[in-house]
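If you want the building blocks of each chain, they are given just below.
Protein chains: 4
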Amino acid sequence: TLQHIFKEIFKASLELQEDDHRKALLVSRKKQSENTIVTIKGETVGDGIQRVIAGPCSVESYDQVNEVAKAIKKQGLKFLRGGAYKPRTSPYDFQGLGEEGLKILKQIGDELDLAVISEIVTPNDIEKALDYIDVIQIGARNMQNFELLKAAGSVNKPVLLKRGLSATIEEFINAAEYIISNGNGQIMLCERGIRTYEKATRNTLDISAVPILKKETHLPVAVDVTHSTGRRDLLLPTAKAALAIGADIVMAEVHPDPAVALSDSAQQMDIEQFEHFMDELRASGLYKDVTKSSAV
Amino acid sequence: TLQHIFKEIFKASLELQEDDHRKALLVSRKKQSENTIVTIKGETVGDGIQRVIAGPCSVESYDQVNEVAKAIKKQGLKFLRGGAYKPRTSPYDFQGLGEEGLKILKQIGDELDLAVISEIVTPNDIEKALDYIDVIQIGARNMQNFELLKAAGSVNKPVLLKRGLSATIEEFINAAEYIISNGNGQIMLCERGIRTYEKATRNTLDISAVPILKKETHLPVAVDVTHSTGRRDLLLPTAKAALAIGADIVMAEVHPDPAVALSDSAQQMDIEQFEHFMDELRASGLYKDVTKSSAV
Amino acid sequence: TLQHIFKEIFKASLELQEDDHRKALLVSRKKQSENTIVTIKGETVGDGIQRVIAGPCSVESYDQVNEVAKAIKKQGLKFLRGGAYKPRTSPYDFQGLGEEGLKILKQIGDELDLAVISEIVTPNDIEKALDYIDVIQIGARNMQNFELLKAAGSVNKPVLLKRGLSATIEEFINAAEYIISNGNGQIMLCERGIRTYEKATRNTLDISAVPILKKETHLPVAVDVTHSTGRRDLLLPTAKAALAIGADIVMAEVHPDPAVALSDSAQQMDIEQFEHFMDELRASGLYKDVTKSSAV
Amino acid sequence: TLQHIFKEIFKASLELQEDDHRKALLVSRKKQSENTIVTIKGETVGDGIQRVIAGPCSVESYDQVNEVAKAIKKQGLKFLRGGAYKPRTSPYDFQGLGEEGLKILKQIGDELDLAVISEIVTPNDIEKALDYIDVIQIGARNMQNFELLKAAGSVNKPVLLKRGLSATIEEFINAAEYIISNGNGQIMLCERGIRTYEKATRNTLDISAVPILKKETHLPVAVDVTHSTGRRDLLLPTAKAALAIGADIVMAEVHPDPAVALSDSAQQMDIEQFEHFMDELRASGLYKDVTKSSAV
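Those sequence lines, one after another, are chains A, B, C and D.
Counting in our numbering, the first sequence tops out at residue 301, every number present.
Counting in our numbering, the second sequence tops out at residue 301, every number present.
Counting in our numbering, the third sequence tops out at residue 301, every number present.
Counting in our numbering, the fourth sequence tops out at residue 301, every number present.
By construction, these hints were calculated from the structure, which means they are not laboratory data.
One thing to keep in mind: the hints can contain errors.
Remember, identical chains collapse to one label, so a pair may be satisfied in a single copy or spanning two.
To be verified - The list that follows gives simulated cross-link-like pairs (lysine-lysine, BS3-like), each with its CA atoms no further than 30 Å apart: (1) Lys-35 to Lys-78; (2) Lys-78 to Lys-155; (3) Lys-162 to Lys-46; (4) Lys-155 to Lys-111; (5) Lys-293 to Lys-75; (6) Lys-75 to Lys-162; (7) Lys-133 to Lys-155; (8) Lys-155 to Lys-108; (9) Lys-220 to Lys-293.
The following block holds chain A by itself, in its conformation from the complex:
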């Protein structure tokens, strides 16, 4: 019928239009050949200098975060992470301190001049987050929470977007496109391990994703060595691999006393382990940080 033909033409033209968009995703290297450099509280990401983000899984108290923050500061690092809203498998697990946690992060960020990063889990909290944190994290479970992505895309604040538990690289890139297409191009992508049959590690770190994301997009790429491995003994070797393959950021969890952590106690480093971790990264010659460069 004529109607069917018109519908087919309409659909075809719609698809053509979508195709055009896809060929020229705003996050793609084809659209922008030079690297996006995200500046956070005066510190750059994506310009070849490699950064370390550290901090506890959950914000539990001022003292707990402060102890970690001072260790971060002592290492000459700038980025402090901490979870205030915790997406947990069970509704009966510790769900985070919420806004109280954001306040603790802000206070310590101000006191020590650190940039603070925390996960936001619902569009309604994006506006509120702007007052407290320097980087909005969107977690693996929310990578395809498109309303959240759109909300994060409509504010002027850097976003750290984590890859979904079993997201393909293509889906990951398209999730970033939801943010940039709403106006916010300050995006960092974070590989955090994918779900596979192998249970020796919590997830399987897809290290190849780093060069692929660097090639396909112009965005900085982070590797979360804590969630990808889920094992304290693998943080250092996987961090080395991440630096060697060209990640812009290594992200790791540090807690003053992991044994009493309210979440992820098996995989966080204590302060001493963190200092050893940083020493070893520097000794390896793999870590291209500004301190070292300027020292030479």
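With chain A held as given, fit chains B, C and D onto it using these hints.
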């Protein structure tokens, strides 16, 4: 130190409490041995009678939905599905008609006395949805969008919860617990295929999940044969398997003209194929529907 | 260079030839539209009548197998399985009785007029197996042991080929092609679950593989409900799903005393459970066996 | 019954014995704390010096292998790989030159004083291989071909064992145990990517497996960057990651003219690309080879 010991005791007692909750999840058979029966516009689900939910992937127009709705009515079925808010991988793909789509569903539901089911993707829309639809669907990508689960748990409306793309059965059950623990026990679980290495089908239908979910929980269990297989030629055989293994609901997509559908055109049945599908299900002797029972 | 061009032409012609073969795989429906019917000791498989294969995981003794065999006989069944060569993850696990096991199977097969099925794990044992067993099983770990496939293809004996742990359907079909292209077309394909991230079951039963294999090839298709689920409580529901979706064979493990079984003790049925299993399959109306047909 | 009790005791004692073996696997670090050093034609592997193995996917002709071998020699490398027996998905794909291929490898190995590595696919060929090659490779599809493992374990020749397509690390370690428990401890383990849902790469390189295998066993560990990624553009970055994380060996495929290669043409480097690959590895400062050390 003493402080460390106190923290350990605090954490241990917190864990004990969580443990208690876990052992007695509200959705578990241990907590409630008899089946939960969900009543939707006078039709029951979960009492041993098997139901079919059908409808287009996306609501595109009144005429399109109406044509499918009449076919459903003709089969003596009660449940019409249709997507108004479409979570799509790319921001440039058709995103659904939004509230306009819900209005079309409501109008047709009223006209033909059908119960309508549609996906809600953000907590803010839950209240609005109450005016239009009879069942709130929570999609695979939002299975661990915990704020959405909590919002759905705080209203008095049946919820169809789909399993996440790579969610374990344990995570799936815990996602349902987020809903019930907020007060809403009218939950139906929907197996819709999991992500595996095999690409002959869009996802891999985890048929064993049905008896496991029926054993572990007291909730009705649906099988979405469309999204699990992604292949029109597999809808009928997998629907038979779903009925044989004891699913309460079979869910399948029907479009008046799949070739011009704005989403999922490769996997939807047209009206004629749908009639054949229903005829074959009835002829197989597997489909325990009320019509048949009363006929005998 | 000219040499390069010649090599490219040579390679292209080689690929064209391979392409031709692929388009017309000997196992494909395109090559042979009617079903292959395999006849084993007078019993047919693949002609629409559904069969049950049962027996212990491992052959442990004459008495053990005999007890199961008598239960099988009592059910009017014909097929007895039992492992003589056991591929085990650890070299220190029980490796099977070897040829001694084959002898026990043969003796019992002769005494009770049952067809016996056993796995062969190395090309050198194929010839020997001909004297003892009625069906050569090739296990999941050997699905791409191409030398074994070729050896099995060069004898005149039915072969039950199991899908590899993470084999695609395409690889599975090609493995069968290795057998048929060596001259032996008496092949039965067996879906036995694939390896996924989900650990609620030992493997994930890919039930959709059954209609795909029936459509793509002309070979009989079996479902091994024991290895796919690894759970005794799921044997009956998955067997029903397998029968409903059109499997030619259901395969399940039975042991007189599973608690003392030398392998797979958690997933085998005892004799009483097996009788209940068969009763329920018959009561379900799903099981199209000859006895029932002739009885009607 | 008494018999049942005796059987349970027998089984329990059997399991205890197996347990003992498992706790002290011969390949485990618990059994031997120092690294196993495998010496091949005078070159060591496992002593901290990192090695590169290169060569074509398939042996196609004397000239083809010779051209690659000379490039390897020019780089000061010692190890030449090449497939003579090719396990291929389809029986109609090029299956390798067989013994003819082994002869070519031997001749070139002799002429250029290179150690040659080739895959053996059936127990019957192990003895023959001893005359031609310096390292027996056991491929991914044969990782649980236990008869082949036993045969490789009973000769005095180094073995390179590849991880199965979807083998767990535990299964991989146990496969090595099959070899060592038959008397041959000259084993190198090779991570070559695992099968996951992600299709941007041929397989997913499980980089974390390297430190786990180094920790759990005393064996040298290789990373095959070609088969894990299946992409020429990822060979260099993944090789860097492998060196940084502590792999003893990097393995990559090189072909004089990949476009006309009879297998894997999309992922092999040509000579020029290989030279660039080696230059970049050396320039990265990651590659701990003996030449460099002695030069300093």
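Taking the hints in turn, this is what the structure says about them:
When the C-alpha separation of Lys-35 and Lys-78 is checked against a cutoff of 30 Å, the pair qualifies neither within a copy, at 38 Å, nor between copies, at 39 Å. In this homomeric assembly, Lys-78 and Lys-155 never come within 30 Å of each other (Cα to Cα): the closest approach is 33 Å inside a single copy and 38 Å across copies. For a Cα distance limit of 30 Å, the shortest separation of Lys-162 from Lys-46 inside one copy, 11 Å, qualifies, whereas the shortest one across copies, 46 Å, does not. When the C-alpha separation of Lys-155 and Lys-111 is checked against a cutoff of 30 Å, the pair qualifies both within a copy, at 24 Å, and between copies, at 27 Å.
Taking CA atoms no more than 30 Å apart as the test, Lys-293 paired with Lys-75 passes inside one copy only; the shortest distance there is 22 Å, against 36 Å between copies. Taking identical chains as interchangeable, the C-alpha atoms of Lys-75 and Lys-162 lie at most 30 Å apart only when both belong to the same chain, with a minimum of 25 Å there against 49 Å between chains. In the homo-oligomer, the alpha carbons of Lys-133 and Lys-155 lie at most 30 Å apart both inside one protomer (16 Å) and across protomers (20 Å), since each shortest distance falls under that limit. When the C-alpha separation of Lys-155 and Lys-108 is checked against a cutoff of 30 Å, the pair qualifies both within a copy, at 24 Å, and between copies, at 24 Å.
Taking the shortest Cα distances, Lys-220 and Lys-293 sit within 30 Å of each other both inside one copy (20 Å) and across copies (27 Å).
Checked against the numbered hints above, the structure violates hints 1, 2; every other hint is satisfied.
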